[in-house]
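Residue numbers (this note's numbering), protein chains in the order written: chain A, 34 to 349; chain B, 34 to 349.
One or more hints might be untrue.
Okay, the calculated beta carbon distance ranges per label pair [stated by the list, open to error]:
{"id": "1", "chain 1": "B", "residue 1": "D126", "chain 2": "A", "residue 2": "G174", "range": "52 to 58 Å"}
{"id": "2", "chain 1": "B", "residue 1": "D285", "chain 2": "A", "residue 2": "R137", "range": "52 to 58 Å"}
{"id": "3", "chain 1": "B", "residue 1": "A68", "chain 2": "A", "residue 2": "R111", "range": "45 to 51 Å"}
Stretch-level coverage of chain A by chain B, calculated; a stretch enters the list once three of its residues show a Cβ under 8 Å from a Cβ in chain B [to be verified]:
{"id": "4", "stretch": "61-69"}
{"id": "5", "stretch": "108-115"}
{"id": "6", "stretch": "157-169"}
{"id": "7", "stretch": "298-306"}
Computed footprint of chain B on chain A, listed as stretches where at least three residues anywhere in the stretch have a Cβ under 8 Å from a Cβ of chain B [what the hints assert, rightly or not]:
{"id": "8", "stretch": "209-219"}
{"id": "9", "stretch": "274-282"}
{"id": "10", "stretch": "333-347"}
It is worth saying that the hints were derived from the structure and are not from the lab. Glycine included, C-beta positions come from ideal geometry on N, C-alpha and C.
Protein chains: 2
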Amino acid sequence: MTAAPAVAAAPVGRAAPGRREDLARLSLNTATTKALTLEAAAAAAAAAGLSSIGVWRDRVQEVGAPTAARIVADHGLRVSSLCRGGFLTTRDDRAAREALDDNRRAIEEAATVGTGELIMVVGGLPAASTPGGPARPYPAGAGTDPDRDLVGARARVAERIGELAPFAAGHGVRLVLEPLHPMFAADRAVVSTLGQALDLAEPFPADVVGVVVDTYHVWWDPDLRRQVARAGAAGRIASYQVCDFVLPLAADPLLSRGHVGDGYVDFATITSWVAAAGYAGDVEVEIFHQEVWDAPAERTLATLAERYVRHVLPHL
Amino acid sequence: MTAAPAVAAAPVGRAAPGRREDLARLSLNTATTKALTLEAAAAAAAAAGLSSIGVWRDRVQEVGAPTAARIVADHGLRVSSLCRGGFLTTRDDRAAREALDDNRRAIEEAATVGTGELIMVVGGLPAASTPGGPARPYPAGAGTDPDRDLVGARARVAERIGELAPFAAGHGVRLVLEPLHPMFAADRAVVSTLGQALDLAEPFPADVVGVVVDTYHVWWDPDLRRQVARAGAAGRIASYQVCDFVLPLAADPLLSRGHVGDGYVDFATITSWVAAAGYAGDVEVEIFHQEVWDAPAERTLATLAERYVRHVLPHL
């Protein structure tokens, strides 16, 4: 009997979730278990047989980065990434200095907590005072409103990544640019495609600026196969994050990130592209969804493992 | 005194809306005045000083295409486009034949009503039974679900555009591919970027397959400047549609298309790109927004003209 092709159905035995060797690359992002402290999330991940965890800064800061590192290690886990730095688009000099300072603290936290990957959500247009909220009124003239100047905002991101890069390199931490779905281009991230993230990364060494492939944000991209291959060839894929694009969109569309298999994403195809690009790192599950947040953590972890084994693992 | 640069503030005199020469390129898309019959919409557009109208098939079919042509002409207007053909992604042979037949009827209607531009919204994934609705459950296996196979759906669009092209050419009607915002990739249109639409158009003559630049759908695209230039150089820009990207997103995000100036789009910059690409045709205002639909038509037309003159016209 020959080996099954990469995109065939998984053998039945393999589809049973929870076998430790199957979950060796599966990571729980702490946003998925929003209500849990880092201690509780780490315990849940370890109990479910995972070997790593992606941590958000709020849960790290609650206990302090050195303690966070110890908590994770005590549960026998690795840290796959720290979420998140970024928010670099302001036009105000003082706000820009504060943002850079905060990113330097995030870099230090990443190093202390034991991960080399700092996820960066770069920020939206200055015209967006509140994420998801209405735009500031247009100014009276007919020219380009500097607060809606997308080209300008993107240029500031490039500049400020350049300012942070030496500090990140000095700490052994990679700045991992996250392209967000274009529906967040106004208010959360002016980096909207993997290709654009790679263009921004190009001036820097691959171990200083990388990219994350998050299925929710990039699944629709007609250029995705080529850009995933490009990212892999450049050694810049720092993280593969999986969750599904669920409709109808939640009132806050950020909360339409559902369990793998509940939405429209073709995980078989995208995962096979990521694998073909040579990515051999962790696969983080980062779900923002009210029902998932309301569910007991054990159930969330069990679903997450089962879906990963069924829809992602056979193609890795 | 030298001429004002393209992206400077408009001279005050020019900002007064309603001067007929200012509105020579402004077109009312009938979806903006959703409650009005074609007769009423044409009357409102003519009264506001516009010279063209973009018509939806439902309003044309209510009276029949020959009568629709007469109504528009009686009001001294041109037809800038017919909305819409498309929905070509089905995997079912019979449904595909029905879709092609319906598109042939749309081509005939466009010719009869007097426009050479048929806007095409190509359709979403077969897994989406209802626009905006939940996905059909994943099948049991771990392979690619053919109903979520985005690459396959895009290939079917290419094929079926090829089947329609000779019929369209024979009627002097151009198939105008509309890239929709990626948030509609699952349920409405697997064509998500202007570059992708141009790739699909490339095998065909420029007067047989074109593209529309709709600010709501493409404003976020980091490659937009280059693709607009490419579209212009190829002679494929069939329509420039303007409306704003408004947050918070409506429950149906299709209804977050607001008046120019109410959202996040940088109309000065995008309009200057479209102008630099050589586009000299109509500028259609197509707004889907409950408040706009609830407003009296005269007020909608007045706002539309005022915003056009302030934010778009100075850059055309």
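Now for the hints, and whether the structure bears them out:
In this structure the supplied range 52 to 58 Å holds for D126 (chain B) paired with G174 (chain A), their Cβ-Cβ distance being about 56 Å. In this structure the supplied range 52 to 58 Å is violated for D285 (chain B) paired with R137 (chain A), their Cβ-Cβ distance being about 42 Å. A beta carbon spacing of about 59 Å between A68 (chain B) and R111 (chain A) contradicts the range 45 to 51 Å that was offered as a hint. A stretch counts as covered by a chain when three or more of its residues have a beta carbon under 8 Å from one of that chain; for the stretch 61-69 of chain A and chain B the count is 0, and the coverage is violated.
With 0 residues bearing a CB less than 8 Å from a CB of chain B, the stretch 108-115 of chain A misses the requirement of three and the coverage assertion fails. Counting residues of the stretch 157-169 of chain A whose beta carbon lies closer than 8 Å to any beta carbon of chain B gives 7, which reaches the threshold of three, so the coverage claim holds. Check on the stretch 298-306 of chain A: 4 of its residues sit with their Cβ under 8 Å from a Cβ of chain B, so the three-residue criterion for coverage holds. Only residues whose C-beta sits within less than 8 Å of a C-beta in chain B count toward coverage, and the stretch 209-219 of chain A has 5 of them, enough to reach three; the restraint holds.
Coverage of the stretch 274-282 of chain A by chain B holds in this model, with 5 residues showing a Cβ closer than 8 Å to a Cβ of that chain against a need of three. Check on the stretch 333-347 of chain A: 3 of its residues sit with their Cβ under 8 Å from a Cβ of chain B, so the three-residue criterion for coverage holds.
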